[in-house]
Amino acid sequence: MSAINVSGLRKSFGSQTVLDGVSFAVEHGEVFALLGSNGAGKTTAIKILSTLLPAGGGTAEVCGFDVAKQARKAREAISLTGQFAAVDDILTGRENLILVAKLRGVKNPAQAADSLLDRFGLTDAANKRAGTYSGGMTRRLDIAMSMLGSPKVVFLDEPTTGLDPDGRLEVWKTVKELVGSGVTVLLTTQYLEEAEQLADVIAILRGGKIIVSGTLDELKKLFPPAKKEYVEKQPTLEEIFLAVTGREGK
Amino acid sequence: MSKTGVLFGRLMRHILRSPDTIITVAMLPIAMMLLFVYVFGGAMKPSLGENVNYVSYMLPGILLIAIASGTSYTAFRMYEDREKGIFQRFASMPIPRSAALWAHVLTSLVSNMITVAIIFAVALLMGFRSSAGILEWLAAIGILALFTLTLTWVAVVPGITAKTIDGASAFSYPIIFLPFISSAFVPTETMPAAVRWFAENQPVTSIVNTVRALLNGQTVGSEIWVALAWCVGIGAAFWALAVRSYRGRGW
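Residue numbers (the numbering used here), protein chains in the order written: chain A, 29 to 278; chain B, 82 to 332.
Hints listed in this document are in silico derivations from the structure and should not be mistaken for laboratory results.
The beta carbon of each residue, even a glycine, is placed where N, CA and C say it ideally should be.
Hints may be right or wrong, so weigh each one.
Output of the computed footprint for chain B on chain A, the stretches with three or more beta carbons under 8 Å from beta carbons of chain B [said to hold, decoys possible]:
| no. | segment |
| --- | --- |
| 1 | 72-82 |
| 2 | 97-104 |
| 3 | 118-127 |
When you get a sec, could you build the whole thing from the sequences and use the hints?
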């Protein structure tokens with residue numbers, strides 16, 4: 029049984045069709061990237077899978093639970109990190125974690141919070157209000173909050189949109205660490221490089237349909253064989269930015 | 082139920098950490114009370130009678146204004162939770178969906194009752210005296226709590242549906258203004274016929290008169306039923322609307 033199973037998923041808002049028969053499966057422990065430009069329907073798909081929005085047609089299952097018929101069971105199995113970091117600005121990082129731990133019925137909320145703060149490198153900022161965090165830190169806290177209660181499937185909706193290059197690298201590192209813990213990740217992104225960096229399997233969503241999907245190697249085979257060209261490689265602006273600010277991209 | 086408690090704790094922490102909320106909610110009515118008693122109060126005496134304690138007379142109206150402006154913060158907090166994706170996060174968690182809504186309602190009730198207590202304390206310093214017994218006090222507090230609950234459900238609707246932060250709290254402006262066109266500060270007999278008709282038939286007058294009668298040990302007439310009917314009727318209508326828009330929206 030796959031961790032996520034989506035079959036013929038449809039959704040329209042009024043006369044506008046956003047998802048027009050989307051099907052895909054994500055295996056346990058896999059990182060699956062849904063790649064698409066703005067308005068391609070990525071967020072809509074995530075919302076349906078996280079039980080926030082009813083589908084217009086088709087079925088979606090998470091860990092074997094139908095998101096429409098067994099919503100409560102599905103919610104036990106998942107965690108959502110939405111498009112905008114949903115952390116409470118007024119609470120401290122630690123309080124944010126304890127809040128979610130209590131809501132998810134974690135046994136020892138304070139202990140669970142401390143261990144996540146440590147794991148996500150937020151111990152120093154633990155007792156500062158989340159409103160004072162940088163974009164990257166806020167996202168890291170957001171993802172840490174999603175790890176409470178040991179969800180089997182984590183949805184990351186555009187985890188780096190709106191972040192500066194530093195923040196993006198921070199988040200990438202965090203996501204790569206998640207993968208080691210055996211959790212299944214479905215992430216959406218509009219950045220090709222992000223999908224390339226993080227995902228085992230990539231699906232490209234366009235016009236409400238998945239037009240192509242596979243591993244990076246499989247996708248590369250769709251193109252004609254590489255031809256050799258000799259080009260002088262200029263540093264990209266990103267490389268310059270990171271070099272000048274003293275943070276090498278790793 | 083326990084999840085509602087956890088979320089209620091979160092919102093109360095918000096209130097305690099934003100002193101501006103507390104100041105705006107309690108200070109404005111207190112400033113108005115000072116203004117009415119020490120500036121306009123003297124001029125009111127002739128129409129009220131020499132032996133009327135004006136602090137006691139206008140206190141119910143001030144309390145209603147405080148509650149109306151206090152509940153607008155519920156709409157504000159709900160709008161913020163919605164905009165920041167906090168509701169979305171809670172809705173994707175294995176907790177009852179209603180917990181987030183009830184936490185806001187409970188927070189509104191508790192924080193407004195604290196404001197009411199502060200205003201009572203200041204009124205006592207300014208010379209408010211009550212001859213009410215325990216039962217009358219309980220009845221007066223009960224009506225104020227019911228009024229709070231009614232306005233909270235009114236506030237929840239824009240809190241869930243408003244498109245801008247200003248839109249979310251705009252509902253409270255006319256409600257804050259209503260006590261001025263009622264029996265809250267001056268007897269309605271002094272008003273021109275049309276205004277007087279409006280003043281005597283709008284919800285605030287019956288609530289003000291009932292609370293005033295309870296606190297001042299006067300006989301409470303049938304107006305208490307009118308007051309209760311207004312509160313329960315408006316509250317039930319907006320409760321139904323609020324629950325419908327809360328469930329109906331995609332998160």
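Do the hints match the structure? See the list:
Three residues within the 8 Å Cβ limit are the bar, and the segment 72-82 of chain A against chain B gives 6, so the coverage statement holds. Three residues within the 8 Å Cβ limit are the bar, and the segment 97-104 of chain A against chain B gives 3, so the coverage statement holds. With 4 residues carrying a beta carbon less than 8 Å from a beta carbon of chain B, the segment 118-127 of chain A meets the three-residue requirement, and the given coverage holds.
The structure shown violates none of the earlier numbered hints.
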